[in-house]
Structures are given as structure tokens and as C-alpha cells.
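Whenever a hint applies, use it, and build me the whole structure from the sequences.
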Amino acid sequence: MAEELVFYTNPMSRGRIARWMLEEIGQPYRTEYLDYATTMKAPEYLSINPMGKVPAIKHGDTVVTEGAAICAYLAETFPQAGLAPTAAERGRYFRWMFFAAGPFEMVVTNRALGFEIPPERVRMAGCGSFASVLDTIEYAVSISPCIAGDRFTAADVYVGSHIGYGLNFGTIEKRPAFIDYWSRVSDRDAYRRASDIDNAAMPKQTNA
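Going by our numbering, the letters in the sequence shown line up with residues 411 to 618, in that order.
Simulated from the structure, these hints should not be mistaken for lab results. Worth double-checking, as some hints may not be accurate.
What the hints assert, rightly or not - With a straight-line Cα cutoff of 20 Å, these simulated EDC-like cross-link-like pairs (lysine to aspartate or glutamate) come out: (1) LYS463 / GLU515; (2) LYS468 / ASP445; (3) LYS451 / GLU476; (4) LYS468 / GLU486; (5) LYS468 / GLU414; (6) LYS584 / GLU548; (7) LYS584 / ASP597; (8) LYS584 / GLU515; (9) LYS463 / GLU442; (10) LYS468 / GLU413; (11) LYS463 / GLU476; (12) LYS468 / GLU442; (13) LYS584 / ASP545; (14) LYS584 / ASP599; (15) LYS463 / ASP445.
What the hints assert, rightly or not - Here are the simulated distance ranges between beta carbons: (16) PHE508 / ARG602: 39 to 49 Å; (17) GLY492 / ALA541: 31 to 41 Å; (18) ASP545 / ASP471: 13 to 23 Å; (19) PRO529 / PRO453: 37 to 47 Å; (20) GLN490 / ILE553: 26 to 36 Å; (21) ASP545 / GLY580: 13 to 23 Å; (22) PRO529 / VAL473: 33 to 43 Å; (23) LYS584 / ARG505: 21 to 31 Å; (24) ALA541 / THR472: 37 to 47 Å; (25) ASP560 / LYS451: 35 to 45 Å; (26) ARG533 / PRO453: 39 to 49 Å; (27) MET422 / MET534: 29 to 39 Å; (28) ALA541 / GLN490: 39 to 49 Å.
On a predicted model such as this, the values are computed, not experimentally measured, just so you know. Ideal placement from N, C-alpha and C gives every residue a C-beta, glycine not left out.
See below:
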């Protein structure tokens with residue numbers, strides 16, 4: 411009997427990244443919607459993620475949190491989906507997935523919150539400056555059709571989601587390279603299915 415795959419999320423969260431990845435692998439899963447003020451902080455969910463944040467998945471007895479980790483775990487656990495890296499792709503796959511989870515998300519969040527690292531202290535911050543991070547991610551999405559090479563992988567789900575979010579909400583510059591990359595990687599049935607599911611769930615969650 412296959413181990414149950416449970417997805418913990420809120421449609422207005424980074425859980426949308428994990429939802430896209432779940433739709434890409436094509437395996438059955440059960441969704442548990444959590445509310446920020448109540449069920450996300452309840453003891454039952456804190457036993458899954460003590461941070462009280464989403465997304466998280468539980469696959470049998472295995473719990474995985476953090477969007478990048480979920481994408482990587484699902485790609486390796488369900489290799490038949492073809493989203494894990496080949497040997498030749500591994501370096502770029504992990505490099506850019508973790509760059510997006512670290513420096514990219516950090517500088518974009520800092521900027522959105524109105525916090526700027528003083529120029530004289532940039533070397534103390536592992537994320538670097540906002541400008542240097544955007545230049546670097548622009549380079550990453552410009553050297554090949556997909557982030558790890560010519561083929562779509564789980565890293566495109568993760569990196570693409572961050573770029574798509576930034577373009578949609580105006581937290582990153584609308585550079586042509588970002589627009590072109592997002593257009594390429596989001597033109598997928600799995601992305602459209604995932605978006606439809608979460609969009610349909612939003613009114614219920616908003617009014618809860």
C-alpha cells in the first residue's frame with residue numbers, strides 16, 4: 411500500500427509553490443487547509459512544524475517543511491516525474507534552488523519591509539545587496555531555457571515561483587529576462603491546475 415501524502419497549506423502562502431510541485435509529480439495527495447490565526451498554531455500542527463508555518467508535507471512518517479526542501483524531496487521520491495536533476499544538472503540545480511531560498515528571498519523580503527542593508531555592512535550579510543542579487547538571478551535565468559539547463563526540473567518550480575511572485579506583486583524589477591523565463595516555465599498544465607485549485611480555495615479561507 412502506498413504511503414499517504416498529506417499537504418498542509420493556506421492558499422495565500424508559499425504553499426502555492428509546493429502545490430505546483432505536487433501537481434507536477436502526478437501522485438495522489440490530501441490537502442489540509444490551515445488558518446493563520448488558529449489551526450496553523452494549534453498543537454496538532456505544531457507537532458508537524460514547530461514554526462507554525464506552511465507549507466509542509468507528510469509522506470508516511472516523513473515530514474518535510476520549507477518550499478525548496480519539499481520540491482527537492484518530491485523530485486527525488488517520485489523520479490518517474492522526471493523533475494530530479496541528472497548528474498550533469500545537479501550543480502546548477504542545487505546552486506540556484508538554494509540561491510533562491512537564501513539570498514534572493516531574503517533581499518526581496520527585506521526590501522518589501524523597508525529594510526536596506528547599509529552599504530558599508532553588505533559584506534556582513536550573506537545575502538549581499540538587492541542589486542547584486544537581482545543581477546545574479548538574471549544571469550541564472552538567461553544562460554539557458556531552464557534554470558539547470560535545457561530541461562524543466564523541480565528547481566524551475568521553486569525559482570520560477572519566486573520570480574513569478576516578484577513580477578506579480580512588484581517586488582522585483584520587470585526585467586525582460588525575468589518576464590521571458592517566467593513565461594517559459596509557467597506555461598505548464600500542472601501550474602495551471604495548481605493555480606486553479608488554490609484560487610478556488612481562497613474565498614473560503616479569506617472568509618473563515
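Status of each hint after checking the structure:
1. LYS463 / GLU515: holds, 16 Å
2. LYS468 / ASP445: Roughly 18 Å separates the two Cα atoms, so the pair holds.
3. LYS451 / GLU476: holds, 17 Å
4. LYS468 / GLU486: holds, 15 Å
5. LYS468 / GLU414: holds, 8 Å
6. LYS584 / GLU548: holds, 11 Å
7. LYS584 / ASP597: holds, 18 Å
8. LYS584 / GLU515: holds, 16 Å
9. LYS463 / GLU442: Roughly 13 Å between the alpha carbons, so the hint for LYS463 and GLU442 holds.
10. LYS468 / GLU413: At roughly 9 Å apart (the allowed maximum being 20 Å), GLU413 and LYS468 satisfy the hint.
11. LYS463 / GLU476: holds, 9 Å
12. LYS468 / GLU442: With a Cα-Cα distance of about 11 Å, the restraint between LYS468 and GLU442 holds, given a limit of 20 Å.
13. LYS584 / ASP545: holds, 12 Å
14. LYS584 / ASP599: This hinted pair is violated, its Cα atoms lying about 24 Å apart.
15. LYS463 / ASP445: Measuring from Cα to Cα gives roughly 10 Å; hence the hint holds.
16. PHE508 / ARG602: 39 to 49 Å: Violated, at about 27 Å.
17. GLY492 / ALA541: 31 to 41 Å: At roughly 36 Å between Cβ atoms, ALA541 and GLY492 fall inside 31 to 41 Å, so the hint holds.
18. ASP545 / ASP471: 13 to 23 Å: Violated, since ASP545 and ASP471 (Cβ atoms, about 43 Å apart) do not stay within the stated range.
19. PRO529 / PRO453: 37 to 47 Å: Cβ of PRO529 to Cβ of PRO453: about 45 Å, so the range 37 to 47 Å holds.
20. GLN490 / ILE553: 26 to 36 Å: holds, 28 Å
21. ASP545 / GLY580: 13 to 23 Å: Cβ of ASP545 to Cβ of GLY580: about 19 Å, so the range 13 to 23 Å holds.
22. PRO529 / VAL473: 33 to 43 Å: holds, 41 Å
23. LYS584 / ARG505: 21 to 31 Å: holds, 24 Å
24. ALA541 / THR472: 37 to 47 Å: holds, 39 Å
25. ASP560 / LYS451: 35 to 45 Å: holds, 44 Å
26. ARG533 / PRO453: 39 to 49 Å: holds, 42 Å
27. MET422 / MET534: 29 to 39 Å: Since MET422 and MET534 have Cβ atoms about 33 Å apart, the given range 29 to 39 Å holds.
28. ALA541 / GLN490: 39 to 49 Å: Given about 41 Å between the Cβ atoms, the range holds.
This entry does not satisfy hints 14, 16 and 18, going by the numbered hints stated previously.
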